[in-house]
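Student: Each chain is listed here by its residues.
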Amino acid sequence: MSKTIVRIIITALLIMVMTDGLYALTFEFRKDKPGVKDFVSKNLHFSVGGENIISRLPSTFYVITYFPDDIPVIAYKGAAIHPDRISGGKNAKNIKGPHGTKIIYNPNRPPEKMLISSYVLWDGWVFTGNKKETLQNLLKLYKSPSDVAKTGTLTPSFKEWKEGGIRFWGDNSDSHLTNVFEAQKKTVLIPLVKDPKKIQAMAGAITLTTSREIRGKIMVKPVNQQALKDIEGDARFINETIRRRLVAVKSQYEGKINSSGGNIIYEVYIGDYGAAQGQLVKSR
Amino acid sequence: MRIFRLRTVPIVILLVIVAVVLWLLIPLHPSARKDILHGKAYITGTVRIKPIFDKPLSSIVSALPGNSSALSNVPFFVRPLIPPVIKFYLQGSREGEGWAVVADLGWRSRLFRMLHGIIIGQMQYRGMGAIEDEHVLRTPSGTKILFYQDGRTLFVAEGNNIIEKIIGPSSNEGTVPDRADIQKAAMETGDKRVIAGISFSNIDGDITRGIDMLESKSGFLLMPSAGSLIKGSVDLRQTGSDTIAGTILLTVREDGDFKGLESDVTYIIDLLDRFLSVQNMKTDSTINREANNLTIQIMIHPDGEK
Chain A
1 MSKTIVRIII TALLIMVMTD GLYALTFEFR KDKPGVKDFV SKNLHFSVGG ENIISRLPST
61 FYVITYFPDD IPVIAYKGAA IHPDRISGGK NAKNIKGPHG TKIIYNPNRP PEKMLISSYV
121 LWDGWVFTGN KKETLQNLLK LYKSPSDVAK TGTLTPSFKE WKEGGIRFWG DNSDSHLTNV
181 FEAQKKTVLI PLVKDPKKIQ AMAGAITLTT SREIRGKIMV KPVNQQALKD IEGDARFINE
241 TIRRRLVAVK SQYEGKINSS GGNIIYEVYI GDYGAAQGQL VKSR
Chain B
1001 MRIFRLRTVP IVILLVIVAV VLWLLIPLHP SARKDILHGK AYITGTVRIK PIFDKPLSSI
1061 VSALPGNSSA LSNVPFFVRP LIPPVIKFYL QGSREGEGWA VVADLGWRSR LFRMLHGIII
1121 GQMQYRGMGA IEDEHVLRTP SGTKILFYQD GRTLFVAEGN NIIEKIIGPS SNEGTVPDRA
1181 DIQKAAMETG DKRVIAGISF SNIDGDITRG IDMLESKSGF LLMPSAGSLI KGSVDLRQTG
1241 SDTIAGTILL TVREDGDFKG LESDVTYIID LLDRFLSVQN MKTDSTINRE ANNLTIQIMI
1301 HPDGEK
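As they're listed, the protein sequences go chains A and B. Be aware that the first sequence starts at 1, since it is given in this note's numbering, and climbs by one per residue. Be aware that the second sequence starts at 1001, since it is given in this note's numbering, and climbs by one per residue.
Check before you lean on any hint, since a few could be wrong.
DSS-like cross-link-like pairs, simulated, lysine-lysine; straight-line CA separation at most 30 Å [to be verified]:
id, chain 1, residue 1, chain 2, residue 2
1, B, K1282, A, K197
2, B, K1217, A, K229
3, A, K162, A, K93
4, B, K1055, A, K186
5, B, K1217, B, K1259
6, A, K229, A, K113
7, A, K250, B, K1282
8, A, K194, B, K1055
9, B, K1231, A, K185
10, A, K186, B, K1259
11, B, K1217, B, K1144
12, A, K140, A, K150
13, B, K1144, A, K185
14, B, K1055, A, K256
15, B, K1259, B, K1050
16, A, K159, A, K113
17, A, K140, B, K1282
18, B, K1282, A, K229
19, A, K140, A, K90
20, A, K186, A, K162
21, A, K197, A, K250
22, B, K1050, A, K198
23, A, K42, A, K229
24, B, K1192, A, K194
25, A, K185, A, K90
26, A, K102, A, K90
Source of the hints: derived by calculation from the structure; they are not laboratory data.
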């Protein structure tokens, strides 16, 4: 029970904290904003030779989930971090990637998807992840590397969108969001979104503080008016689940759900997100 | 003459075997101890086992954590040996905490008596506890587990007080119902559509304490309004080939938090609905409030047959 609840909450929190139709769910992290550095160093783990490289990434970086692989890819502007360690040094191999790129990979790739073992350099950007095939497929979606930073069809006007330390966006072209939520059903007993096909696009932003407060807004565009009611029901369920968790761990929580312009907006405030995650670390 | 004898011997052996098998299948006398627990329990229930192995309940049970392969792992030849109906009792702090499962073994009673030593040996082998005497195991945490057959009734129980009630000298005196508040789970055992009937009493706050403990362990508020409950019951029955109907009746204290309870119940139904949606099942539910009672009707059926 505890494990299930914690998974629901972390999925909801990750969706809150972690796309012009680029068929991918993209999270943008800005470490120069308050509280983000601390949050990512504790909650994101991408290893190269046993070292978590998150602290070495530039102040703005992106984590992209792309199906069918369900393996996250990190994208950032700059130089590759530990390229020899990623590719296995002398054992490194390479294949031709899209846009004239060369994907360097470790042929003895470990199976763990959070271990980095492939990378590609493209016009001053680095894309790195576990499987070379994921990089190959993902790069095909973009015309230029900076397309990663282009937000989706849904561009919210709320102030968190401009100021947020963590932003995310994604759309359901090619059933991408559906796949993300359907995959969640395999790992948790209670799905957050009953029918993800009813989501057309979503975007959200949150601001963090050094005292581990979260304030954010998530906007969801349903496929039609009937779907709006169902997605509203999902939002109410997520709101109530997080509230019950946070009240139990004595953390302040406020959640509001509004509909405007055919979209659903979920507004959230958490007094101490660390309290909600307390048992996650234990149960994992 | 010799040929006659040669034919007679196997026939006699066969008759003896048939007689022994028939004798083995004759049920023992029912136990007078089986009713002693009812009046003292704060939760009591009756569950019919067969529907658990059949769809749609089997797919629901299999989806629960830790049960994904438990049902399918029961060999087909073992299934007839499982008692068709079990009763369970949970005893609260007032009586001394403990639980008991009671089953009428019927035609299995002599077989179980024969296999008693093997079963209790297996319980020890599988780490449930060390055999203390013929019927009792001592668990690593120090509590006793009883595995005891009286006539055709099998008792499995944990907790010193409840064990004493079952095997103690006064246990044959019959029922002394001092929990008049509890609604007896009077399941019509002849009605094959009935799956389970559960009743509980919160007069002494046992339900509230149990839920508080669960909530503090999981760090999650599941039913903070539990203290408002006096008693309740759950009735589950099969209404079609693949539809289950459930009725939950909750009685609230005069000064109870009715609104809070309604909100908790609505949330729990939403949890159930989402859990079942992964199994391609749907729920229809209605909540009615009348005087001090909250009645929840739930229909569970395959997706698309609403």
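Student: If a hint holds in the structure, say so; if it doesn't, say that too.
Tutor: Evaluation of the provided hints:
A distance of roughly 17 Å separates the Cα atoms of B/K1282 and A/K197; the hinted pair therefore holds under the 30 Å criterion. At roughly 34 Å between alpha-carbon atoms, B/K1217 and A/K229 are farther apart than 30 Å, so this suggested pair is violated. Only pairs whose Cα atoms come within 30 Å are accepted, and A/K162 paired with A/K93 is rejected, the gap being roughly 41 Å. Our distance criterion of 30 Å between C-alpha atoms is met by B/K1055 and A/K186, whose separation comes to about 21 Å.
Proposed proximity of B/K1217 and B/K1259 is supported: the alpha carbons are some 25 Å apart, at most 30 Å. Pair hint A/K229 plus A/K113 does not hold up; C-alpha atoms about 36 Å apart against a cutoff of 30 Å. With a C-alpha separation of about 34 Å, the suggested pair A/K250 and B/K1282 falls outside the 30 Å cut-off, and the hint is violated. For the given pair, A/K194 sits about 22 Å from B/K1055 by alpha-carbon distance, which is consistent with the 30 Å threshold.
With a CA separation close to 35 Å, the supplied pair B/K1231 and A/K185 exceeds the 30 Å bound. A hinted pair counts as satisfied when its Cα atoms are at most 30 Å apart, and A/K186 with B/K1259 does not qualify at roughly 34 Å. Restraint check for B/K1217 and B/K1144: satisfied, since their Cα atoms lie roughly 24 Å apart, inside the 30 Å limit. Of the supplied pair hints, the one linking A/K140 and A/K150 holds, its CA atoms being roughly 15 Å apart against a limit of 30 Å.
For the given pair, B/K1144 sits about 40 Å from A/K185 by alpha-carbon distance, which is inconsistent with the 30 Å threshold. In summary, the hint linking B/K1055 to A/K256 is not supported, as the alpha carbons are separated by about 40 Å, beyond the 30 Å threshold. Among the hinted pairs, B/K1259 with B/K1050 is inconsistent with the structure: their alpha-carbon atoms are about 38 Å apart, more than 30 Å. Under the criterion of a C-alpha separation no larger than 30 Å, the hint pairing A/K159 with A/K113 is inconsistent with the structure, at around 35 Å.
Our distance criterion of 30 Å between C-alpha atoms is broken by A/K140 and B/K1282, whose separation comes to about 40 Å. Between B/K1282 and A/K229 the CA atoms are separated by roughly 17 Å; this keeps the pair inside 30 Å, and the hint holds. Between A/K140 and A/K90, the direct Cα distance comes to roughly 28 Å. Compliance with the 30 Å bound is thereby established for this hinted pair. A distance of roughly 34 Å separates the Cα atoms of A/K186 and A/K162; the hinted pair therefore is violated under the 30 Å criterion.
With a C-alpha separation of about 35 Å, the suggested pairing of A/K197 with A/K250 is violated against the 30 Å cut-off. For the suggested pair B/K1050 and A/K198, the alpha carbons sit about 39 Å apart, so the restraint of at most 30 Å is broken. Simply put, A/K42 and A/K229 have alpha-carbon atoms about 36 Å apart, too far for the 30 Å limit, and the pair is violated. Taking the CA atoms of B/K1192 and A/K194, the gap is about 33 Å. The hint is violated against a cut of 30 Å.
For the proposed pair A/K185 and A/K90, the alpha carbon gap of about 41 Å is over 30 Å, so the pair is violated. Distance check on the hinted pair: A/K102 and A/K90 sit about 16 Å apart at the alpha-carbon level, within 30 Å; holds.
Of the numbered hints given earlier, the model fails hints 2, 3, 6, 7, 9, 10, 13, 14, 15, 16, 17, 20, 21, 22, 23, 24, 25; all others are met.
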